[in-house]
Amino acid sequence: MFWGTVVYAVVNSVSLMLVALGFNLTFGISGVANFAYGAFYIGAAFLCWIFLNTLGLPYLLAVIIAVLTTTVAGALMYRTVLVRVRGQSLSEVIATFGIGLAILELFRYLGFIGFEYTLPVFEDKSFMIAGVFIDMQRIFIVIIGSALVIGLWLFTHFTSLGLAFRGIAQDERTALTFGMDSDRIATLSVSFGAGLAAIASTVIIPLGTISVSEGYDVLIRALAVCIVGGLGSTGGVILASFVIGFAERFTDTYISSHWTMIVSLAALLIVLIFKPSGLFGKQKELEERI
Amino acid sequence: MKRYTWIFVIFLSFFGLVIGPQVPAAPAAQPIIVGVPTSLGFLEGKEGLRAVEMAVAEINAKGGVMVGGEKRPFKVESIDIRDAAPGVPVPEALLGIEKLILEKKPTALLVGPFRSEALLAGMDLIAKYKIPLIGSIAMTPASEKKIEENPEKFKYVFRSSLDVTGWVGLLVGTMKTLNQKFGFNKVYLMNQDVLWARGTAKGMEGWFKKSGWQVLGHDEFPTGSTDFSSGLMKTRALGAQILFTCFDMPQSGILVNQWKSMKVPALMTGFISPMAGQGAWKTFHGKIGGLLNAVFELGNIGAVKYPPATRFHNAYKKKYGKYIEAGHGPAPSYESVYLLKDAIEKANSLDADAIVAALEKADRKGVMGRERFSPGHQVIFGVDPAKTATGCFFQWNEKGQRIIVYPPALAEGEIQLPPWMKPAK
Chain A
1 MFWGTVVYAV VNSVSLMLVA LGFNLTFGIS GVANFAYGAF YIGAAFLCWI FLNTLGLPYL
61 LAVIIAVLTT TVAGALMYRT VLVRVRGQSL SEVIATFGIG LAILELFRYL GFIGFEYTLP
121 VFEDKSFMIA GVFIDMQRIF IVIIGSALVI GLWLFTHFTS LGLAFRGIAQ DERTALTFGM
181 DSDRIATLSV SFGAGLAAIA STVIIPLGTI SVSEGYDVLI RALAVCIVGG LGSTGGVILA
241 SFVIGFAERF TDTYISSHWT MIVSLAALLI VLIFKPSGLF GKQKELEERI
Chain B
1 MKRYTWIFVI FLSFFGLVIG PQVPAAPAAQ PIIVGVPTSL GFLEGKEGLR AVEMAVAEIN
61 AKGGVMVGGE KRPFKVESID IRDAAPGVPV PEALLGIEKL ILEKKPTALL VGPFRSEALL
121 AGMDLIAKYK IPLIGSIAMT PASEKKIEEN PEKFKYVFRS SLDVTGWVGL LVGTMKTLNQ
181 KFGFNKVYLM NQDVLWARGT AKGMEGWFKK SGWQVLGHDE FPTGSTDFSS GLMKTRALGA
241 QILFTCFDMP QSGILVNQWK SMKVPALMTG FISPMAGQGA WKTFHGKIGG LLNAVFELGN
301 IGAVKYPPAT RFHNAYKKKY GKYIEAGHGP APSYESVYLL KDAIEKANSL DADAIVAALE
361 KADRKGVMGR ERFSPGHQVI FGVDPAKTAT GCFFQWNEKG QRIIVYPPAL AEGEIQLPPW
421 MKPAK
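The listed protein sequences derive, respectively, from chains A and B. Numbering of the first sequence is given in our numbering, commencing with residue 1 and proceeding in unit increments. Numbering of the second sequence is given in our numbering, commencing with residue 1 and proceeding in unit increments.
Note that these hints are calculated values from the structure, not bench results. Just so it is clear, CB atoms sit at the ideal spot from N, CA and C, and this is done for glycine as well. Mixed in with the good hints there might be a few duds.
Unchecked claim - Reference listing, derived: stretches of chain A covered by chain B, where coverage requires no fewer than 3 residues with Cβ under 8 Å from a Cβ of chain B:
(1) 43 to 52
(2) 186 to 199
(3) 209 to 218
(4) 253 to 266
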């Protein structure tokens with residue numbers, strides 16, 4: 001039972017990490033808290049479903065087009081709306097939250113209600129690991145999640161665009177003096193964040209069904225992980241995902257599943273009390289600000 | 001004289017062709033407003049509203065409801081109160097109901113709150129405005145208790161769908177069958193952490209213990225949970241033969257996927273809403289064979305042995321192009337319209353108290369079976385549609401068919417164990 005719990009805790013942690021990576025990337029680079037994140041997550045899944053079931057495209061092609069469309073939608077959101085309120089945190093939050101709400105409720109209005117909206121698993125097999133059966137889709141989650149983290153690290157350390165991302169994230173004014181276009185980088189960061197949400201969605205959702213309400217849950221989970229880890233810190237997101245992911249599964253197994261949902265919120269509360277910037281947060285501590 | 005006749009004919013023709021149609025026709029009968037405040041963003045609410053609209057269209061096509069010497073049509077006004085959505089507070093849902101009452105002035109409310117919590121809190125509101133409500137989703141028996149304790153205040157609240165007490169009765173019958181047929185007596189319980197599911201699981205846990213079953217564990221999962229591995233590992237490790245489930249959230253489909261992928265050798269029996277409809281076979285890629293799932297009310301599933309249920313089930317498909325997917329809600333919502341129509345015609349009035357008095361005496365043979373209200377204003381459910389309204393248990397076979405296996409009055413086949421399970425006797 002213990003090792004079985006560890007196996008599922010690892011999967012849960014990587015799922016959380018996948019869900020939070022995109023939100024964290026956007027905030028870390030551009031400072032935009034993209035509250036439409038959950039809508040992009042669900043939107044990508046619905047798009048994939050439409051491409052697959054209505055247009056009859058092959059699954060892989062449907063996934064690729066859904067991810068690309070969502071990535072473009074993220075860029076469009078920045079260029080048409082966010083660019084006008086850039087730097088005004090409250091306006092950014094209100095604008096993105098409004099857009100997210102509109103997207104999610106539009107799906108509801110269009111009749112995307114019910115249980116028939118599912119995506120097939122990539123491969124329908126299960127394996128015995130540490131005395132417990134685990135399905136191939138969860139193994140894919142771990143593989144893709146790990147690959148994304150490594151890929152992001154390589155991208156931000158060894159490509160000019162990635163270095164520009166880090167430059168803007170470290171000091172936007174200095175980066176500007178080096179000729180980096182902060183609006184272009186911000187557009188790309190929102191766009192890549194939306195794309196990461198789409199990847200997370202197409203990898204995780206085959207385990208269950210696509211539902212509008214999931215969009216709100218995903219946003220809350222991404223926020224909880226990012227705040228515990230420290231907004232903008234990739235290392236923090238990874239650590240927080242594993243702390244929350246393990247805590248949730250061990251609570252399920254050894255205390256009661258009744259309390260699982262409270263774990264992430266309790267972690268959030270504790271971190272906000274003792275370390276307001278999060279575990280690896282780069283923002284100023286409360287006392288420093290005072 | 002002939003000339004005057006021609007002028008007269010031309011005048012009449014002109015009057016008939018041009019002016020005539022502009023003369024106002026006799027005023028159309030004023031519609032009777034029925035309000036549908038429910039969670040329209042959830043399957044049960046969406047299909048419940050459709051079923052109400054279907055019944056209203058049928059009644060209006062026949063002229064409407066006879067009241068005060070004239071036939072008046074029904075008109076549906078709906079509002080999404082979102083009470084099923086996680087995180088929506090009950091007071092917000094109640095505001096939606098109040099808005100509908102104040103703005104649309106309905107004669108009666110149908111379908112009603114999705115969550116029992118909202119129904120219980122809303123009973124005071126219904127009492128305040130004195131508008132009959134025939135609910136068809138929320139399941140708590142606590143509403144009946146409130147009505148019996150204070151009938152004068154809460155008499156306006158009725159329920160046409162299965163309640164938790166009837167649901168537990170259905171479950172007990174099925175569990176007894178599993179025990180007698182296969183010797184199963186070890187159970188692990190998993191339910192969603194909402195009032196109706198908690199009530200069901202608590203009731204069943206008590207029954208299992210009293211009946212000599214071993215209850216190996218009991219997990220409650222908050223709405224929105226997406227991983228059930230811990231409960232399934234315990235089910236497997238402790239050697240449970242039956243995995244009892246009670247869920248109505250979309251994410252509960254994950255539970256069935258995990259049950260299959262983790263190869264848990266326990267027969268999953270209970271209610272998982274995404275598994276109730278015919279579409280589940282395609283949705284879950286044919287991986288649900290062997291699962292025993294309930295349909296709370298006949299009509300939400302067709303039944304070979306009760307043709308009215310099949311007729312309604314097929315008529316719904318003909319009208320909306322899709323079979324009913326919800327295992328709970330649409331059939332009683334449809335019946336609610338007819339129960340209301342019969343009550344208005346019997347009372348010959350739109351007065352709330354008169355309608356309530358007529359509803360209390362209702363006795364109708366509908367798509368769920370025979371429908372009468374108990375003193376707690378709950379349609380009486382049992383195991384024979386000739387005597388009471390009825391729900392059923394079906395089993396998914398490997399051909400993707402839903403075979404009704406309980407109650408015996410409706411059974412189309414016997415419970416079959418999946419190949420990876422063996423009887424205990």
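Problem set entry | Structure-inconsistent hints, enumerated in ascending order | Violated: hints 1 and 2.
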